[in-house]
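Asks: These are the residues of each chain, in order.
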Amino acid sequence: MSLVVAAAGALGAVCRYLIGGLMQSRVGWEFPVGTLVVNLAGSFAMGLIVASSSGRGWSVVAVGFLGGFTTFSTWMVETLRLGLPSPRAVLNVAATLAGGLATAGLAYLLVG
Amino acid sequence: MVLAGGLLGSSLREVVVSLLPPSPFPVANLTANLIGSFFLGWLVARRERHSATGLAISFWGIGVLGSFTTFSGFSVAALDLMRTGRLPAAAGYVAASVIGGLFSTRTGLRLGDRR
Chain A
38 MSLVVAAAGA
48 LGAVCRYLIG
58 GLMQSRVGWE
68 FPVGTLVVNL
78 AGSFAMGLIV
88 ASSSGRGWSV
98 VAVGFLGGFT
108 TFSTWMVETL
118 RLGLPSPRAV
128 LNVAATLAGG
138 LATAGLAYLL
148 VG
Chain B
75 MVLAGGLLGS
85 SLREVVVSLL
95 PPSPFPVANL
105 TANLIGSFFL
115 GWLVARRERH
125 SATGLAISFW
135 GIGVLGSFTT
145 FSGFSVAALD
155 LMRTGRLPAA
165 AGYVAASVIG
175 GLFSTRTGLR
185 LGDRR
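Quick mapping for you: the protein sequence lines, in order, are chains A and B. Just add 37 to the spot in the first sequence (first one is 1) and you have the numbering used here. Just add 74 to the spot in the second sequence (first one is 1) and you have the numbering used here.
No lab work stands behind these hints: they were computed from the structure. Heads up, a few of these hints could be off.
[Stated by the list, open to error] Quick look at which bits of chain A chain B covers, simulated, 3 or more residues with Cβ under 8 Å:
1. 43 to 56
2. 67 to 80
3. 100 to 111
4. 116 to 124
5. 131 to 141
[What the hints assert, rightly or not] From chain B, some residues computed to sit far from chain A (all C-beta separations above 12 Å):
6. Ser97
7. Pro98
8. Thr143
9. Ser146
10. Phe148
11. Ala151
12. Ala152
13. Arg160
14. Ala163
15. Ser178
16. Arg188
[What the hints assert, rightly or not] Quick list of the computed label-pair ranges, beta carbon to beta carbon:
17. Arg184/B / Gly58/A: 19 to 29 Å
18. Arg123/B / Glu67/A: 32 to 42 Å
19. Trp95/A / Leu185/B: 39 to 49 Å
20. Leu146/A / Leu94/B: 35 to 45 Å
21. Arg160/B / Val148/A: 27 to 37 Å
22. Arg188/B / Val127/A: 45 to 55 Å
Everything numeric in this text was worked out from a predicted model, so none of it was measured. By construction, the Cβ of each residue, glycine as well, lies at the ideal position given by its N, Cα and C atoms.
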């Protein structure tokens, strides 16, 4: 089972690489919007899964996928690369943090 | 490269989760995120000094460390603490993750920037 979860995480990493990279190049901003979108989408999906079906087999695999899909370390490095305490770095922290909690919270509300 | 790295990173996170005792406070998540942030900072600084290749960034950075650390686990864990009324624990978890993460990343960047 744990190998299946790890494989799902690996697939999540590839999706992050493709979706985040595509988003970033399309938008063309210096601001790390690719990581932001991936993390908020992943938080929303994680909220849906945890609120609806925690503990079931498929949900363990889905959680593994989202663990690989979203990333904390890239968020941190990109924030520091924007030059903390610049407004853009602070915005990246605030938008990711508030957005992650809000999207996960929205998912909980939707599942009810 | 990203796929192989993601396999290793996700496995390592499972190892951390299984090694740490189960706790109401998401300590495994916090540990993985702080350690992963430190090493990604270090790797990025090495890259900028040209001693790490693009291949290393794909495998170790995007794959292993990107998957080892998790944002969705962080946000849902923080939300769970809030929902269950443990607001001081939620605030502590968020502060420890973000401030600790920025600090460990900066430490990694500085160490990686040395010769």
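Asks: So, for every hint listed, does it hold in this structure?
Replies: Tested hints:
Evaluation of the coverage hint for the region 43 to 56 of chain A: fulfilled, as 11 residues show C-beta separations to chain B shorter than 8 Å, against a requirement of three. Figure legend: the region 67 to 80 of chain A, annotated as covered by chain B; annotation consistent (3 residues with Cβ-Cβ distances under 8 Å, at least 3 required). For the region 100 to 111 of chain A, the proposed coverage by chain B is satisfied: 11 residues have a C-beta within less than 8 Å of a C-beta in that chain, meeting the threshold of three. For the region 116 to 124 of chain A, the assignment as covered by chain B holds, since 4 residues bring a beta-carbon within under 8 Å of that chain's beta-carbons and 3 suffice.
A stretch counts as covered by a chain when three or more of its residues have a beta carbon under 8 Å from one of that chain; for the region 131 to 141 of chain A and chain B the count is 6, and the coverage holds. With a least beta-carbon separation of about 17 Å from chain A, Ser97/B lies farther than 12 Å from that chain, consistent with its non-interface assignment. No Cβ of chain A approaches the Cβ of Pro98/B within 12 Å, the least distance being about 15 Å, so the stated non-interface status holds. With a least CB separation of 4 Å from chain A, Thr143/B falls inside the 12 Å interface cut-off, contrary to its annotation.
Not every beta carbon of chain A lies more than 12 Å from that of Ser146/B, the smallest distance being close to 4 Å; the non-interface claim is violated. Residue placement check: Phe148/B does not keep its beta carbon more than 12 Å from all beta carbons of chain A (closest about 6 Å). The Cβ of Ala151/B sits about 9 Å from the closest Cβ of chain A, inside the 12 Å cut-off, so the non-interface label is violated. Under the 12 Å C-beta cut-off, the non-interface status given to Ala152/B relative to chain A is violated; the minimum distance is some 6 Å.
The claim that Arg160/B is not at the interface with chain A holds, since no C-beta of that chain comes within 12 Å of its own (minimum 15 Å). Look at Ala163/B: its CB is around 15 Å from the nearest CB on chain A, clear of 12 Å, so calling it non-interface holds up. Chain A draws Ser178/B into its interface by the beta-carbon criterion, the shortest separation being 8 Å against a cut-off of 12 Å. No beta-carbon of chain A is positioned within 12 Å of the beta-carbon of Arg188/B; the least distance is around 17 Å.
Hint check: Arg184/B to Gly58/A, Cβ distance near 27 Å, so the stated range 19 to 29 Å holds. Checked against the hint of 32 to 42 Å, the C-beta distance between Arg123/B and Glu67/A comes to roughly 22 Å, which is inconsistent with it. One distance hint, 39 to 49 Å for the beta-carbon pair Trp95/A and Leu185/B, holds here, with the actual separation near 41 Å. Judged by the Cβ atoms, the range 35 to 45 Å given for Leu146/A and Leu94/B is violated: they are separated by roughly 31 Å.
At roughly 21 Å, the beta-carbon separation of Arg160/B and Val148/A lies outside the given 27 to 37 Å, and the hint is violated. Between Arg188/B and Val127/A, the C-beta spacing of about 28 Å breaks the proposed range 45 to 55 Å.
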